[in-house]
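Enquirer: Based on the hints, put chains B and C in the right spot on chain A.
Residue numbers (the numbering used here), protein chains in the order written: chain A, 1 to 351; chain B, 1001 to 1178; chain C, 2001 to 2453.
Since the hints were derived computationally from the structure, they do not count as laboratory data.
Do not rely on the hints blindly, as some may be mistaken.
[Stated by the list, open to error] Computed list of lysine-lysine pairs in DSBU-like fashion (alpha-carbon distance at most 30 Å, straight line): (1) A:175 with A:62; (2) B:1148 with A:62; (3) B:1095 with A:62; (4) B:1148 with B:1095; (5) C:2036 with C:2445; (6) A:63 with B:1095; (7) A:110 with C:2338; (8) B:1148 with B:1096; (9) A:291 with A:110; (10) A:92 with A:175; (11) C:2338 with C:2434; (12) A:110 with A:62; (13) A:63 with A:92; (14) A:63 with B:1096; (15) A:291 with A:175.
Below are the chains, spelled out letter by letter.
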Amino acid sequence: MVSPEAAEIRATPPIPEAIPDFAPDGKLRRNVLDLDDFSAAEILSVLDGTAAMGEVLRRDIKKVPTLRGRVVVTLFYEPSTRTRISFEEAGKVLSADVINMSTSGSSVEKGESLLNTGLTLQAMGVDVIVIRHPHSGAPYLLARHLPRVCVINAGDGLHAHPTQALLDLYTIREKVGRLQNVKVVIVGDVLHSRVARSALWGLTQAGARVTLCGPTTLLPLDLLNCGDERDEGHPFAQVEVNTDLDRAIEDADVVMALRLQSERQSGGFLPSLREYIRRWQVTESRLERAKPGALVMHPGPMNEGVEISTGIAHGGHSVIEEQVTNGVAVRMALLYRLCAQPSAEKLETAG
Amino acid sequence: MAERQIMNEQDIQRALARVSHEILERNRGIADLVLVGIHTRGVILSRRLEQNILRFEGNRTPLAELDISLYRDDLQGRLGPVVKPTRFPVDIQGKKVVLVDDVLFTGRTVRAALDALNDLGRPRQVQLAILLDRGHRELPIRADYVGKNIPTSRDEQVKVRLVEADGRDEVALVRRED
Amino acid sequence: MLTSADPDSILIQGPRIVDPGRGMDAIGDILITGGKIVSAGPRLSPADLPEGCRPIPANGMVAAPGFIDLHCHLREPGYEYKETIATGTRAAARGGFTSICCMPNTDPPLDNEAAVALVQQRARAEGVVRVFPIGCVTKGRRGKELAELEELAAAGVVAYSDDGDPVYDPNLMRLALTYTLDLGLPISNHCQEHRLCPGGVMAEGWAATRLGLPGIPAAAEEAMIARDLALAELTGGWLHLAHLSTAGAVALVRQARERGVSVTTEVCPHHLSLTDDWALGYQGTPDGGSGPLNYDTSTKVYPPLRGRQDVDALIEGLADGVIDCIATDHAPHEAASKQVTYQEAAFGISVFETALGSLMALVHRGQISLSTLVDRLTVGPARVLGPSFEELATLHPGSPADVVLFDPDLDWVVDTGEFASKGRNTPLEGVALKGRVVTTFVEGKVVHQDSLY
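Bound conformation, chain A alone (with noise of 0.2 Å):
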């Protein structure tokens, strides 16, 4: 039997269950490397907490004392302003205490090597290590050998930038509403993007259609052969490749433009800017063949003008600036998933 007045409670939107899925794979998350390892449920489970720590961000007071006394060390061996200032703030909203180690002036420059720097912030007692490194692979190198810290990835060379690509997804999921089906372009310099990187494990964990679309000198055709040559189920087996934008564009939900590399010309991948910019740029007449509405990304930093109209940039698809506003509440959600996980044992003995 259901009181009437009960009835008329549950026509409320339903509240979740409180689900500790801190292991939703039977393990627990102790570094953000890369979003490979990120099954559909944890990436969404992220973009939940994301919305919560939105709600804190639009408050007049941007403080909540969550992380008092945790340590957060920014490492970073490439120049970055936002990534870093995006993870500084995310730290400082919570009330961690946020180390920026800046690789000049310090042990680096005098020749430590990065494991040996990351030992040392370990024995400091640091609890997070958000890492930038123009290297592949370099924040693996510190989570193999650091057991006592997380491990965040804020890019690291061609590889990955999880954080960026769990922002785009974020963003995606606002303004569109689902990830499911939602068709997303990414368009430019592919190859030499950790971001797109991520995003296409993102995005195909979450379902989203992704197409890609760029000269073929700067498309990574041969992290799309998997699909074919050695998993049917593999999540980049549905991933579509299209050189020409004004096809690949159609019906498209979001369309990222990617940070075209001025070296790149100079080290022979396009003839030159100007052929670039008249097949691939993201212009007022292209989107006009997306979706009405389509969004409108872009990573940062820009060049405008080259692999995006400044009219587009700046207009009314453009979601830019709320990515960056996003890329805190993200890096907040991490931070605090990463620090508020019982430890190993103490879910052994939790049962």
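Expert: The following block gives chains B and C in isolation, referenced to the frame of chain A:
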């Protein structure tokens, strides 16, 4: 695990009806009143209290939701990795806030909720409504409105099940057998 | 250690004698006296044995001529923290190698008589197997002008190579092949067209792209091999191609052989057994996702580990003789040079002590016969080194008693803690192998005895 029902659907309804009346009585109506539910079951209970008050008074009371995960004093505790959104559509500045939760135990959740409220504004007064007080306080906190007092031993668990989250209404006491 | 012969007599009793140089593969006995093979053939009766002869029971084992390695790095002088002649030769002995040719990319490089003499002298004083230095092709390995190749030949080098780098200038390579026509020694080239692999650290392909690592396409090796084959054809010089790694390279050599080009080749154990996806970790069993095992720097080697079809083509080439021999390219490194990012890590694998175990997998799988394997480790390299090495490659009576005794079926797990080499850099750490060297003799002396026996 031995489980014993201590409140059924009617018991819960009656208790909430009484608490609703007490809130109205103490505050002399609903002027300046805001109900703030603590995730997860406190939010459900706050909605039920709001419905009761609507029936009794014919007016709606502002509702808000609070997740206290960010204010816990035991970070690596029992809660999950996902912080649920705190929804605060109302300004609590100068208002009388009634915090709503299902069980009052150590008092630590309420302590965290008070901290959280503090970051959201400065209410004139904060009151606490709970469905069940099971004792064993670790902090100097008491409830203003109590659905039921139940003496428990520390190693017992109290399960509050509500239709909206669990498919049925009941409160049960679970004792570990070992 | 390689001093006067041991006067004692040794009888190796009942092994399967695999001696491809004499076409022998049969159970028998080997009698060694005074550091020489007296007999390696049918079982001997007690009457035939000299007095006081020490018997070594070897039932179920294989006895073969000691292995000859055309390509290793002993790191001395200059990089003694990676390996020394003392440790490197002990590692070789543990791997069943009794003659090894060391590459000249030391510091200083072996581009002159004195440097060569230093290595020879150290090897005599501290080594436990025979060491034959290879000399540089160019002065200082700088690729600008030829080293004094005749002086090096007179000093006793067995080949020339700038290994670690190719002889980059095509005209200099032509001249080197021409100049050495009357010296009778091969030019061994490390073929890598750098402009095709800027920053490359592993084989181009799925795994490299997956890891975000700059790739080395097969064409980077094949382009220079094609160039060198054309130059060998042009000059009539003796080209030796170091460490083939691609199916295309095997095909190029096959065609050149058919045209009669004077070329010899080698292949490394790791290129016959490991593939590029070992860099993902998981030791060759790729996972859908990656994990903290990723970026195994011990798999970083030049030429890079490549794909399955390359491995298969190399095995086929080895089996049918297009590839003359197996060379280890033993390249030991200190731990620090591998405990860095993949891009920073040094190229090279410590191979000596796992070579036989990993090669025996080819035999156990039926891809090559045991006698072919032994041929490619003995007769093959001896052919590249010239007639004076023939006697080191067989158990012919009268030859120096360089013998390896191994258990072809012993299962063991690689533990680099047991290595004699200073280089613990191998992706095979913890991997189960089948086939293990038991005893190694150089001139009748035991230079390695396995602790399990």
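Enquirer: Check whether the Cα positions of residue 291 of chain A and residue 110 of chain A lie no farther apart than 30 Å.
Expert: violated, 54 Å
Enquirer: For the pair supplied as a hint, residue 1095 of chain B and residue 62 of chain A, confirm whether the alpha-carbon distance does not exceed 30 Å.
Expert: holds, 22 Å
Enquirer: Hey, residue 175 of chain A versus residue 62 of chain A, does the alpha-carbon distance stay inside 30 Å?
Expert: holds, 24 Å
Enquirer: Between the alpha carbons of residue 1148 of chain B and residue 1096 of chain B, is the straight-line distance 30 Å or under?
Expert: holds, 23 Å
Enquirer: Regarding the pair residue 291 of chain A and residue 175 of chain A, is the alpha-carbon distance no greater than 30 Å?
Expert: Holds, because 13 Å separates the two Cα atoms, which is no more than 30 Å.
Enquirer: Would the hint linking residue 63 of chain A and residue 1096 of chain B be met if the CA-CA limit is 30 Å?
Expert: holds, 24 Å
Enquirer: Within 30 Å, alpha carbon to alpha carbon, are residue 1148 of chain B and residue 1095 of chain B?
Expert: holds, 27 Å
Enquirer: Holds or violated: residue 1148 of chain B with residue 62 of chain A, Cα cutoff 30 Å?
Expert: violated, 37 Å
Enquirer: Does residue 2434 of chain C sit within 30 Å of residue 2338 of chain C, going by the straight-line distance between their CA atoms?
Expert: holds, 27 Å
Enquirer: Please verify whether residue 110 of chain A and residue 62 of chain A have alpha carbons no more than 30 Å apart.
Expert: violated, 38 Å
Enquirer: Given the hint that residue 63 of chain A pairs with residue 1095 of chain B, test it: the Cα-Cα distance must not exceed 30 Å.
Expert: Roughly 22 Å between the alpha carbons, so the hint for residue 63 of chain A and residue 1095 of chain B holds.
Enquirer: Quick one, are residue 63 of chain A and residue 92 of chain A close enough, alpha carbons at most 30 Å?
Expert: Within the cut-off at roughly 7 Å; holds.
Comparing the model with each earlier hint shows violations of hints 2, 9, 12; every other hint is respected.
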